[in-house]
Each structure stands twice: as structure tokens, then as C-alpha cells.
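Asks: The residues making up each chain are set out below.
Number of protein chains: 2
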Amino acid sequence: MTDSVFTRRYEALRRMVDRRLATLVRRGEPADLRAACRYVLSGGGKRIRAVLVLLSCEASGGKVQKALNAAAAVEVLHNFTLVHDDVMDNSLTRRGKPTVHVTWDLNTAIITGDILLGVGYRTLLREGTRHTDRLVRLFTEALLDVCEGQALDLAFERRTDVTVSEYFRMIEKKTAALLSAAAEIGALLGGGSPQVQAALRRYGHSLGRAFQLQDDLLDVVADPKGLGKPIGGDIVEGKKTFLLLRAVSRAQGEDRDLLQRLVKAGPDALHVLIPENSGDNDKSRRHALIRLVTAVYTRYGILDETREEIRRNTRNALRALDVLRPRPSREMLSQLAEMLVNRAS
Amino acid sequence: MTDSVFTRRYEALRRMVDRRLATLVRRGEPADLRAACRYVLSGGGKRIRAVLVLLSCEASGGKVQKALNAAAAVEVLHNFTLVHDDVMDNSLTRRGKPTVHVTWDLNTAIITGDILLGVGYRTLLREGTRHTDRLVRLFTEALLDVCEGQALDLAFERRTDVTVSEYFRMIEKKTAALLSAAAEIGALLGGGSPQVQAALRRYGHSLGRAFQLQDDLLDVVADPKGLGKPIGGDIVEGKKTFLLLRAVSRAQGEDRDLLQRLVKAGPDALHVLIPENSGDNDKSRRHALIRLVTAVYTRYGILDETREEIRRNTRNALRALDVLRPRPSREMLSQLAEMLVNRAS
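Protein chains in written order, with the numbering used here: chain A, 1 to 345; chain B, 1001 to 1345.
Keep in mind that a hint or two might mislead.
Partial selection, computed: residues in chain B whose CB lies under 7 Å from chain A [to be verified]:
#1 Gly1028
#2 Leu1033
#3 Ile1111
#4 Asp1114
#5 Leu1152
Beta-carbon label-pair distances, calculated as ranges [what the hints assert, rightly or not]:
#6 Ala344(A) - Thr1160(B): 49 to 57 Å
#7 Gly1043(B) - Arg319(A): 44 to 52 Å
#8 Arg169(A) - Thr1093(B): 29 to 37 Å
#9 Gly1233(B) - Lys225(A): 51 to 59 Å
#10 Ala265(A) - Lys1225(B): 45 to 53 Å
#11 Arg1019(B) - Asn277(A): 55 to 63 Å
#12 Thr1093(B) - Ala265(A): 30 to 38 Å
#13 Ala265(A) - Lys1097(B): 33 to 41 Å
#14 Asn277(A) - Asn1281(B): 42 to 50 Å
#15 Pro1326(B) - Lys63(A): 46 to 54 Å
#16 Arg319(A) - Glu1157(B): 52 to 60 Å
#17 Leu1106(B) - Gly191(A): 43 to 51 Å
#18 Pro1194(B) - Ala22(A): 28 to 36 Å
#19 Ala265(A) - His1287(B): 33 to 41 Å
Keep in mind the hints are simulated off the structure, nothing from the lab.
Bear in mind that the values here come from a model prediction, so they are computed numbers and not experimental data.
Heads up, the beta-carbon is just placed ideally off N, CA and C, and yes, glycines get one too.
The following block holds chain A by itself, in its conformation from the complex (with noise of 0.2 Å):
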């Protein structure tokens, strides 16, 4: 399959779920309510749950069509989690535009969220299917992952000896949970056997940890102008990534002491390594101490290790899809995960 059939076809498919998304919040009042929603909804994104459910019905032996309302349900699912999680890490934009929170208030992101989640199970109900009663269980199990992943993540922040372990259990939870429910939830709505089922859940665990490391590695390596924010967000924020828990556990002497000044820093880590009485401003004490940590990841091959880690998992990715019997949509599922770990933004 040629890169151009591929985007072809992810495209249509990416507009058939935003023109599903577009038509979930007719009702409910009052209408600023109504319009936070939909502004979260219109927000764009490139949709990859909601195409992983459409994909996975497919090489399921199922219609698209068959799993529209649930790939919808999946993608709302995922921005509530934002609006929430937009909140708690207080990010001031999303996708190049304004939180909720920033739009509107507080109190406005919290009842959106709420009420977001419930358009969620909505429409995953609207799927006419004798399987509702997994259906609506899978969806369960990942919200509440997803949840436990994101308070996970925040008491990372207060914690100073988070193991890679640890890690990756979170990021499991925080961001492979929902990939592999999505890609579940296809193969059950595109009749699979259970074989089938088992197999594009690992597919969808394995490229959900693929793209979280792959999300950690373009904090440093992005082209900033693709990432839609600053680089190096995490660094200045003494966030505990892969490659900050690797480079711990490499680094020796100075680098060693720097990184773990970092850890304990956490949120503070720019007002604690860069004094502000260094006479530079706010954004040359951010470059510096970017500078000073990249260097320390080069020097140890952290980059490298971590382009080595989210290689393995995509092979295992792959490997899931070769139960699939060979169809067009087993190729885009492998070009996917393609896709996901080449991309440089």
C-alpha cells in the first residue's frame, strides 16, 4: 500500500468520524454549555482512536459503518479526558487553541467533561448490537485506566523515585488502555473471533506504548513548528519520561546529580536549576536548562535507547496483526503504527 493510498483512506475515515462528532450535541442545556461541548468536539485532532475502531471493525470482517457510532463514543471519551486533564496540568491550550478552562472557567471544563463522558456512553448505546453488555464493559475498564493513569501521572510529580517500571505502568494505563479498548471494541463490532479480539488488543497496547515513548522523544527531537507547543515542555517541567528515568539510572557524577536535582524538583525544575537571579530572562533560562539536559541524554545514547524501545514495540504491534487474514485494513493498521512513530510532531 503506497503512503498516498494510505492518507487517502485515513482521511476519509478521519471525516466520517468528525462529521459523527459534529452531530452528538444537538440537545442538552443551558447553550453555553451546548458550545463548550461542541468546541471541544470541532477541536480537530487527528482522531487515531476513533480510525483504530473503524480499522480494527474492518480487518475484523466487519462494515466501518458497524462500529461509526462507537468509534465516536471512544474519540468523546478521550476528549473528556483532555478537558479534565487540561485542568489538573493547567495547559493553557490544546491543539492550538484556548483550554476550556481558559475559554470559559473552571466550573465549565468540569460539567463539560462530565457531560462529555455521558455523550459517550450515548452513543456507544447507539451502536445496535447484541454485544452492548461487553461493549459498554470495555469502555468501563478504559475509563477507569484512563483515570487511574492521569492520578498516576500527578503523584508522579511529587515523587522523586519513580521506577521505569512504574512508568510504563502508567503510561499502559494513562494511554495504552483506551488504544487497546479501541481496537477491541472494532474487532468485537466487526464479528471477530475471539483469537482475533486478543490479538488487536495487544496490537493496540503495543502501539499505545509506542506513541507515549514516541511522544516523550518528540519533547526533545520535534520540529517545534509541527508540535503546536514549546519543545522541551516536559524538561522545564521536571517531567518524569522514559528518558528522563533512563537517563537517571545511566548517568554518572555531575550529569547523575543534575538529573536527580531535576526528579526532585519536578514542576519547579526551572525555578530550582536556573536561578531567576541568573540575570537572564524567562525564555533563555528555559533554553538553558533544555540545553543542559539534552546533553546529558546524548551523552549517554538515551536517544537512541528510547528510538530502540518504541522500534520493539511497534514490531510487536506488527506481529499481533499476523492472526489478521491479509486485507486492505490489516495494511492500514500496520501503516499506522508506522505512521505513529515516524511522525516528527
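Following the hints, complete the assembly by docking chain B onto the known chain A.
Replies: Below, chain B alone, put in the same frame as chain A:
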């Protein structure tokens, strides 16, 4: 049925619900999130919504055990709304204990609410029933209504032209929707006919209206010791209760001016109506405002009018029970309605 028989049976059901609630949050991490969820679910309360599920199940011909998970799920959903509402209303205590965002912090409160909602769905799915689809649908529509009701309530704070009929639409969503869903869910699980399900839904709806009106009334006439919060809180916050909205439309001259200023000031009522330079302290300024407004309510017969409106809704609730077969549980539902509107706190 004597009062003591009613009370004994009610308490037995309430304890049954409490025991089930105590088992729901065994899993999950991190530990302090689990602790916050347990803190909320062990906070006591009358468990009216859960008991309503159980009694409706029995009054429809089923055994209460068949609805115990659904009863717990409805109670968890209610507690989810309390945690988020307390953030949005900036409430410092709930049932005499500090709220979640006070005991922990804002982020913990947001995510605890989110997790509870997931726990609610998970618990609902434990009902082994062929009605899962309908059950999840009722639960989800109630969730959406409750959120919209809360959003309307918040929007009312900033509005000066709220009508009594808008007030009723708000409380029907914020309060009555979950009570009617609880009754209908119980009827569904108890094997009630569509007629019985509709009757119990109507019962819950009228009960919910009466319950909220009673809440509004108690703010003015309750025994302060039993209320668990200072009396007159709604007045001091300029809340658009049934009492205030009816009084605005009945009062004349100076009385009307006072109430209109109260409506306009909303949450700033105390500051605007009893200026700080009056020389009094905060407590006596509160009392002054409460005395003023209560006097107007009394002058125009608003308290009696509210009592009559409560009786009217209670009669509707009781009348809805007529189609049910005479059973002790039907009698319990009658007495439940009487209990809720005769409570002094």
C-alpha cells in the same frame, strides 16, 4: 404500617447498601485516590436513591437482592455529582465532613469524581440481567440530566430573570431525574410491566420535585442543629429558590425592591444588601439579611404556598403508586414520600 416498622425496614435496606458500597473500591491506584473514593462512599447519608431502587424492585414483584448492584451504582452516581458539585459551588463541608477538594485538593476531587462515575457503571454492569441495554441507557440519561441541571443551576446565579417554570425544569434535571431513574431501574429489575415501570418513574419524578422544594423550604424553617449547615444559606447566597422566585412575583413596593436586589446580587447578596460598613460582624450581617427576607416570605404567605406545592407533588407521587399491587414495599414507598417531606432537616 407503623413508623417503627418503616424505620426498621428502611435502616435494614440502608445498611445493605452501605455494605455493598464498602466493597466497591478495592482495586485501583494510586492509594490516595482509592482513599478519596472510599472517603466519599463511606460518608453516610440516607441513601434515598439506592433504597428507592430496592423498594421499587420489590414493589414490582422482584427480590431486593436482584437490584442491589444497581442500587449501589445509582448511589455512586449521586456521590460523583456531589464531589464535582462541591468543587463548583466551593462547598467546604458535606454531611459534616470536609469535602474532597478541601481534604485533598482540586485535582483529586476532579479525578475522584471521574473514577466514581466509572465505578458506578462497573457496578451497574454487575447486575446479571438481560436488560443491560435499557439499564445503561436509563443510567446514562440520568447522568446527562443531572449534569445539565447543575449547569442550569450555576447559570441561574448570573441571571436575574429566572422564572418559576425554569426553576422547575432545573430541579427536574438536577434532582428529580435521578430519583425517577432509580425508581424505574428498580421496576425494570423487579420484572414490572411497562405500566408499572412508568408509574414508578412518575412516582420518582414527583418525589424528586417535592424533595427539592422541601430542601428549599428547610433552608428557612429547619432546625439548624439537624440541618448540618447554617440556616438561611440560600438567602445569603441569593440563590434562586422556589421561595425567592415566588416571592419576587408576589411582593409589592419596598419588599419587591429588596427581593429584586437580592436576585440581582446573587452570590454577592450579603455584600450588596448589608454593606460591611454597617459596623456589624459577618455573622450578625448574615442574620440581619436572613431576618429581612424571611419576614417578606412570611408577609406574602410564601412558606405556606411552598408547603402546599410540596403537598401537591407528594399527592402526585402517592397517586402514581395506585397501579401497583398492594404489598408492604408499596406501603414503604408511600411512607418514604411522607418521610421526605416531613423531615425537619
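Asks: State for each hint whether it applies.
Replies: Okay, the hints, checked on the actual structure:
no., hint, verdict
1, Gly1028, "holds, 6 Å"
2, Leu1033, "holds, 5 Å"
3, Ile1111, "holds, 5 Å"
4, Asp1114, "holds, 5 Å"
5, Leu1152, "holds, 6 Å"
6, Ala344(A) - Thr1160(B): 49 to 57 Å, "holds, 53 Å"
7, Gly1043(B) - Arg319(A): 44 to 52 Å, "holds, 49 Å"
8, Arg169(A) - Thr1093(B): 29 to 37 Å, "holds, 35 Å"
9, Gly1233(B) - Lys225(A): 51 to 59 Å, "holds, 53 Å"
10, Ala265(A) - Lys1225(B): 45 to 53 Å, "holds, 49 Å"
11, Arg1019(B) - Asn277(A): 55 to 63 Å, "holds, 60 Å"
12, Thr1093(B) - Ala265(A): 30 to 38 Å, "holds, 35 Å"
13, Ala265(A) - Lys1097(B): 33 to 41 Å, "holds, 34 Å"
14, Asn277(A) - Asn1281(B): 42 to 50 Å, "holds, 45 Å"
15, Pro1326(B) - Lys63(A): 46 to 54 Å, "holds, 53 Å"
16, Arg319(A) - Glu1157(B): 52 to 60 Å, "holds, 56 Å"
17, Leu1106(B) - Gly191(A): 43 to 51 Å, "holds, 45 Å"
18, Pro1194(B) - Ala22(A): 28 to 36 Å, "holds, 35 Å"
19, Ala265(A) - His1287(B): 33 to 41 Å, "violated, 50 Å"
Checked against the numbered hints above, the structure violates only hint 19.
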